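Q: Here is what each chain is made of, one letter per residue.
Number of protein chains: 2
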Amino acid sequence: MEQQERGRRRERSRPRRTSGGIKQLPWRELEVRLGPLELIDDEALEAIHRASLQILSEIGIDFLHPEAIDILKKAGAICEPGSQRVRFDPALVEELVAKAPSRFRLHARNPAHDLEVGGRFMTFCSVGSAPNVSDLEAGRRPGNFKDYCDMIRLMQALNVVHLHGGYAVEPQDLPAATRHLDALSAVGTLSDKVFHAYSLGRTRILDALEIIRILRGVSQEQLAQEPSLFTVVNTSSPLRLDGPMIEGMIEMGRMGQMIAITPFTLSGAMAPATLAGALALQNAEALAGIAFGQAANPGCPMMYGGFTSNVDMKSGAPAFGTPEYAKAVLVGGQLARRYAIPYRSSNVNASNCVDAQAAYESMMSLWPVMLAHTNLVMHAAGWLEGGLVASFEKAVLDAEMLQHMSELLQPLVVNEDELALDAIREVGPAGHFFGAAHTLARYETAFYAPMLSDWRNFETWRQAGAEDATQRAHRLYKKLLAEFEPPPLEPAIAEELEAFVERRKREGGAVAA
Amino acid sequence: MEQQERGRRRERSRPRRTSGGIKQLPWRELEVRLGPLELIDDEALEAIHRASLQILSEIGIDFLHPEAIDILKKAGAICEPGSQRVRFDPALVEELVAKAPSRFRLHARNPAHDLEVGGRFMTFCSVGSAPNVSDLEAGRRPGNFKDYCDMIRLMQALNVVHLHGGYAVEPQDLPAATRHLDALSAVGTLSDKVFHAYSLGRTRILDALEIIRILRGVSQEQLAQEPSLFTVVNTSSPLRLDGPMIEGMIEMGRMGQMIAITPFTLSGAMAPATLAGALALQNAEALAGIAFGQAANPGCPMMYGGFTSNVDMKSGAPAFGTPEYAKAVLVGGQLARRYAIPYRSSNVNASNCVDAQAAYESMMSLWPVMLAHTNLVMHAAGWLEGGLVASFEKAVLDAEMLQHMSELLQPLVVNEDELALDAIREVGPAGHFFGAAHTLARYETAFYAPMLSDWRNFETWRQAGAEDATQRAHRLYKKLLAEFEPPPLEPAIAEELEAFVERRKREGGAVAA
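Chain order of the listed sequences is A and B.
All residue numbers in the first sequence are consecutive under the working numbering, ending with 513.
All residue numbers in the second sequence are consecutive under the working numbering, ending with 513.
Same shape as in the complex, but just chain A (with noise of 0.2 Å):
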């Protein structure tokens, strides 16, 4: 019987001692070194190699871009004249796709972090495109710069995020034209890690490129062969990849920067409602749009994304976190592998707030993605709603949860001073191990230490205000953001970029987009 669990447990409780900061995790590039989880069998997953292939070859897929067109007839696809669908034969798929690198590294402003992309190779993104921003202060809001700002400083501060996955929220309040000068300049000086551009145009992406560029303090020619910069290509499922994508795509692949292709194929809405069909489906647009970025430029690093989820029937209301999403999370991986390219998923939920839902449905997402082998992670750190919410709590929730599979993928040593006989040996029956030397030895490192776990008894929680771990977060993140400092950057380099956002303000911005 657990009664004896329960009274060892009480018998040995103590008030936990606060501490002063903040503990985090340190810094980590992490390997999954569990897995692959494989849910369906070769058999099924060549079923649906086959099916998307099938619909590329008989159906096709729109490019609503002319230099697409032409890029692809070169390449040997088959293209009716003046119509923009676009067929590919099965081997011309099989052979462009099979140009893309299965492994790269992306090169941040600070070198210390530079990330590995593909193998076993897992990086957590902050939120990204979140229309709007919360939390439990002032309540959910538009998207505002100074909330930008903040949650870039959120997450250049939380070591367990790897990257800037976006605009974590849309700053609303900047102009159209010029807001991508403004909002890049400041994720490249309020932070040192790799950071993503909107392929919303040529100009947009060119002015990104210059930026990540000026920052680095490289050339042209060494950006070129060291991706620093990423973008996300969402195909407009079913079937269609529009024309600003297609623009930052080229410019993206010429400059050698990384391009995640990601169709997003709701199951029930833009893909069928089956998850066979919406699998087959965003496998067809994911090899379309690698194929095509592999034929306007051969070998540039992209990645295999998948976003597939199903919406409540009843409703239409996209559900994520589910175990539909858990099952596409898994066979994307799986197709990804297939292909020998990096493979980008995503922790989801749909709650409206943060609450146990947003956390149960982002650890059925956080689960899958890294049993599959999840090289690049969207929207890691701070998602909620479905993604209409960037939420300051949720990213410090997010932390938490990601800093608990970091600490999972760290090896279990087995070896002698492990196995620990002496200690147990010294102890014997009935003795307990507090005070053997065996435990005073690893008093400080012994096990994960939480930054938003709360684990002390129920009186000692409760007379100190009895706050939850929603409450707990939010505090966790004012402080974070109190503390924070931005890394360092050389004022030649801030000059720079600071005269080439001016001079690109002067000119307008992205007045041709």
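It is worth saying that the hints were derived from the structure and are not from the lab.
Only a predicted model underlies this, so the values are computations on that prediction, with no experimental measurement involved.
There could be a bad hint or two in this list.
[As the list claims (entries may be wrong)] Straight-line C-alpha distance at most 30 Å; calculated DSSO-like pairs for lysine-lysine: (1) Lys479/A with Lys73/A; (2) Lys479/A with Lys146/A; (3) Lys23/A with Lys314/B; (4) Lys478/B with Lys314/A; (5) Lys314/A with Lys479/B; (6) Lys23/B with Lys314/B.
Using the hints provided, position chain B relative to the given structure of chain A.
A: Then chain B, alone, in the frame of chain A:
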């Protein structure tokens, strides 16, 4: 960029229609088609195995009951005269442990609720043995018979809960000597699922055996052939097995009933401050318990239980649902599979309230629990505060998470119909699938429908009262109790049970224990 993901979501969002009753997944036996996931390699596993055999042969383990010493002596173990210490030759341990069956069936009084135990089958238990109970309305309070009965009703009503893992909450208002009679007759009449009996001495187990025999309407001989009752035996770590537990084990095994041996090896307290050491100790104690059980009653159904977690080294407070816990669960599964004995682990957390921490710690348990091929998941629904509280809201929250797991384990079908090429052809680029025949044919059943998750859009949710998952769980549990109807029980059986309980109460209950 993901702005499109968002735009699309919004465009398609409509408020969800509310449903009448509480939709649940049906009762299902679960087969874990995923994994198993191996955390450590064979060499490390063998090192743990060897270390535990060394512990049992060199240090030994205390059995605090003369009957156990007699049984083990006869079986060939080394017991010095006048000592409780028993040492095992490694070969003897392996020989005895090999007698335990790899698979068996647990019989409920309702045969529809019988359960396969072993292999890839996974069963979910209610919370067991909490001294306190809580809900949002009345707060945290000492365990009592009314709440005990309500917990049984709730667990009977939740299809995803397969069996009762001990008293959900201790009915402290009942006299100790006869408590087991009231408690067991309540679980046997308010529920028709398999239940647990505490090995608190011989008398209580004999009473429990008679109660389940009456409830099932079978002979002693048939009962002995059909495991219908189970008990969890915690070793008193380190390296001790208590007398009342030993008596219970002997009687349970004699009647062919199931015994789950579970060392409570809290790393840093009752076990070394290293996971490898704690697991070596866990394994030594589990093997010793199983060896004893098999020496007493060869072939009786037993389980290998793991409950290794760690303490917060700064306070001594136990931690649950941590990265260390996840690792211990995975390695525990590897060890249980090595011995081909069904595996028991748990869904745990250390939160003081039903919040995001309770959810993420539980998910940090449930995923490894599933991937370790746990056969019996103790505390699957309702455990809070490291086991000090059984929570009504947590029970519903857990049931939702268990349903996620249950649904995840349903196979992803890949065939022509599910691949939906015809629908993809029909819809074509830039269309959508809401109105497709393929979608309409699956309208009702396409996706998992949660009972707790709220996917309405923010405004609708806010206007409806902005309830978080915990508040919704409160409403759900109240509704489930309000709608509860006890499962049918033949009047003759009810009478026989009542007469037995009355007689045993007149006799004073467990006076000898």
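Q: State for each hint whether it applies.
A: Verification of the hints:
Restraint check: the Cα-Cα separation between Lys479/A and Lys73/A comes to about 56 Å, which exceeds 30 Å; the hinted pair is violated. Distance restraint check for Lys479/A and Lys146/A: the Cα-Cα separation of roughly 17 Å lies within the 30 Å cut-off, and the hinted pair is therefore satisfied. Distance restraint check for Lys23/A and Lys314/B: the Cα-Cα separation of roughly 13 Å lies within the 30 Å cut-off, and the hinted pair is therefore satisfied. This hinted pair checks out: Lys478/B and Lys314/A have alpha carbons roughly 25 Å apart, not beyond 30 Å.
Straight-line distance between C-alpha atoms of Lys314/A and Lys479/B comes to about 22 Å, which keeps the hinted pair within the 30 Å bound. Between Lys23/B and Lys314/B the alpha-carbon distance is near 44 Å, which puts this suggested pair outside the 30 Å criterion.
Violated hints for the displayed structure, listed by number in ascending order: 1 and 6.
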